[in-house]
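**Q** The listed protein sequences derive, respectively, from chains A and B. Sequential numbering of the first sequence, starting at 1, is according to this note's numbering. Sequential numbering of the second sequence, starting at 1, is according to this note's numbering.
Where hints are given, some of them may not hold.
[As the list claims (entries may be wrong)] Pair by pair, the computed Cβ-Cβ distance ranges are:
1. B/625 / A/2: 25 to 33 Å
2. B/615 / A/55: 26 to 34 Å
3. A/61 / B/630: 38 to 46 Å
4. B/625 / A/59: 22 to 30 Å
The set of hints was computed from the structure by calculation and includes no laboratory data. Glycine is no exception: its CB is placed at the ideal position from the N, C-alpha and C atoms.
Here is how the chains run, residue by residue.
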Amino acid sequence: MDTGILLHCLSAWLLCMGLLAVTLRRNTLVMLMGIELMLNGVNLSFVTFSRELAQINGQLQVFFIITIAAVESAVGLSILVNVYRNFGSIKTDRTNTLRG
Amino acid sequence: MSDFVNSNLPLWILFLPLFGFVLNGLVYPVLAKGVSRTKNILAGSIAVAAMLGSFVAAVLGFLQLAQGSAALHTSVYQWVELSDFSVGLNLHLDRLSSVMTLIITGIGSLIHLYSIGYMSHEKGAARFFAYLNLFCFSMLLLVLSDNLLFVFFGWEGVGLCSYLLISYWYGESANADAARKAFLVNRVGDLGFVLAMCMLYAKFGTLTFAQLLSQVSPESAAFLTGVAILLFFAATGKSAQFPLYVWLPDAMAGPTPVSALIHAATMVTAGVYLFARMHFVFELTPAVMSVVAWTGALTALLGGTIALAQNDIKKVLAYSTVSQLGFMFLATGLGAYHAAVFHLMTHAFFKALLFLGAGSVIHACDGEQDMRNMGGLRKALPITHVTMLLGSAAIMGLPLFSGFFSKDEILFAAEAMPRGSMGLFAAGLLAAFLTAIYTVRMLQMSFWGKARKGIHGHESPLVMTLPLMVLALLATVGGFLGVPHEWAHRMGLSGHLISDWLAPVVPVAAFDMEGAPLSEGMVSLIAVALSVVGILIGRSMFKNNFGLPLPALGRLLEAKYFVDEFYTALFVRPLYKIGELVSKTLEARLLQNLGTWMGVGSAWSGDRLRTLQGGDLQVFALILLGGLSLIVAISLFWTNV
């Protein structure tokens with residue numbers, strides 16, 4: 001089978017795993033890791049397309065995404081620290097006061 | 001300065017009364033506190049000054065027209081500007097408008113002046129003067145506008161002011177009822193006006209008189225019949241013709257100057273003006289015109305007979321106005337527009353005079369209006385008596401008084417015009433005969449004979465008698481503006497001034513001088529003879545008792561043929577019934593519960609929906625995902641289609 005297809009399948013699989021982690025796991029830390037996984041899935045997709053179409057744009061985009069992802073996890077982790085201070089836990093079933 | 005005034009004369013005529021209204025309205029809170037003669041006089045002076053200024057402008061405009069200008073045109077502003085429809089406030093002072101503005105501002109000024117005296121004992125008369133000025137503004141807008149839409153604004157404006165002034169003493173519910181009745185009956189007619197405008201616009205795409213005039217052609221006569229019927233219906237409402245005349249006698253609940261200005265001299269003649277202005281439509285619809293003529297004749301008889309049995313001095317004059325308006329409609333229906341406008345003018349003189357005289361009587365008798373409690377006022381009110389006599393002579397059509405010329409012209413038209421007939425002529429003669437009887441009866445009951453209830457009135461102050469004297473002069477000599485051509489040449493006058501003046505704007509009736517069954521002299525002779533007989537009959541019949549010789553007939557007439565009762569049974573009661581039904585079912589069951597249902601419904605659905613907002617971060621994430629998928633799905637679907 002063509003490497004391209006394999007890589008696309010891998011990126012889609014990474015995205016789905018990340019999505020599952022975000023939506024199903026109660027631990028907020030794991031949710032953050034899931035987000036990272038999704039971003040990396042997208043990165044892989046970009047790079048694959050870049051390779052297939054022989055264009056540099058996709059790889060360029062990946063650098064931006066890696067930067068944003070780093071910033072995002074820094075912000076996310078600092079939010080988590082505050083969440084832990086306020087609720088005494090980082091499980092999402094405890095941090096559910098924002099409801100109607 | 002003079003250029004500034006002269007170049008925009010229609011503007012000055014129209015807006016000075018509005019300025020007076022605004023000024024009086026603004027100072028009203030200051031003037032309204034307590035009864036004060038000075039404050040009332042101040043308010044009255046503002047109003048009179050505004051009207052006099054307007055009158056001067058109207059005279060200047062008249063002079064410019066007399067020097068040869070066809071019309072003075074001023075565009076004030078463009079109101080609606082669409083690709084195929086534009087309408088704006090454009091003032092057009094032509095010869096017909098000029099006659100109307102002179103009547104409105106001239107008689108208006110006199111009545112404003114009179115009101116200073118009449119309203120001096122009132123609390124906060126500034127309100128009265130403000131309304132009166134607003135009325136004059138609306139009426140002037142009605143006669144100056146160059147398109148039907150702004151005529152309609154004026155038409156509604158005078159209706160509104162009529163409502164406000166009839167219910168001026170709103171403390172008594174009878175006055176408020178009368179005002180409501182006037183307003184509602186007028187609305188019935190106004191519907192016709194609106195529909196006529198819609199039809200004209202749909203067909204010709206314009207509402208401007210000049211453009212309508214150029215586009216109307218005999219090919220569209222069938223269509224125009226509908227327009228003419230609707231316009232006639234509108235006119236019956238405003239000008240108190242059968243079957244919509246019932247509001248006018250009730251409108252006498254307002255202060256007497258209001259009755260003189262609005263319900264005798266100006267507003268009620270708006271229908272006649274409309275006919276003269278839209279003559280090009282009516283000329284193409286002879287069937288409608290004969291209906292108009294017969295309605296006028298019927299109304300003249302109806303008003304004249306009811307006036308025979310009324311005891312309220314203002315009610316007599318009100319029914320007399322209905323009757324005289326019938327004469328004007330008779331003339332318009334025959335196509336004798338100039339005769340109608342001429343009678344409109346002389347009627348404005350003598351009926352304003354009679355109303356103001358009646359007001360002077362009422363003022364002197366401390367608000368007494370029932371003539372059975374008067375009598376013998378001749379000595380107490382000498383000036384009022386003499387002026388009322390002159391006015392009565394004019395309305396009865398005694399030779400050389402103004403009503404003589406105008407009424408005889410209409411009677412002659414009734415038999416000499418192509419559309420005339422002996423039936424219309426006889427109806428007109430009978431109405432003229434009735435006029436003499438009820439006028440003498442009114443004089444007999446109020447001025448002559450012995451004082452009955454021992455009322456010792458006092459003559460009104462000069463500010464009230466001066467307008468009476470001026471109007472008496474006009475009512476006496478005003479007829480010489482319309483001396484018939486044949487006689488005018490013999491008398492050395494230049495001709496029939498009114499018809500010559502109006503000829504460029506309104507088609508002047510072609511009298512069939514040769515083919516007429518009776519010559520104009522014969523018509524005058526018969527009319528005068530009938531009037532004299534009427535006077536003698538009235539004098540002898542009502543010398544001692546004021547009822548008619550036939551008690552049953554008297555009761556029928558006093559009850560106004562039970563028309564009001566008939567309308568109550570036919571329209572008012574069923575409307576009340578429907579209203580009651582709606583309030584009991586629709587309102588009580590549905591509308592009142594609707595609010596509760598809406599509240600309960602929102603609470604219920606809110607209760608269901610709030611579970612979505614569970615506070616769980618991951619549910620939010622899922623919903624986010626769902627939304628995103630939906631958007632992606634839709635956009636994919638869209639691009640595929």
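**Q** Which numbered hints does this structure break?
**A** 2 and 3
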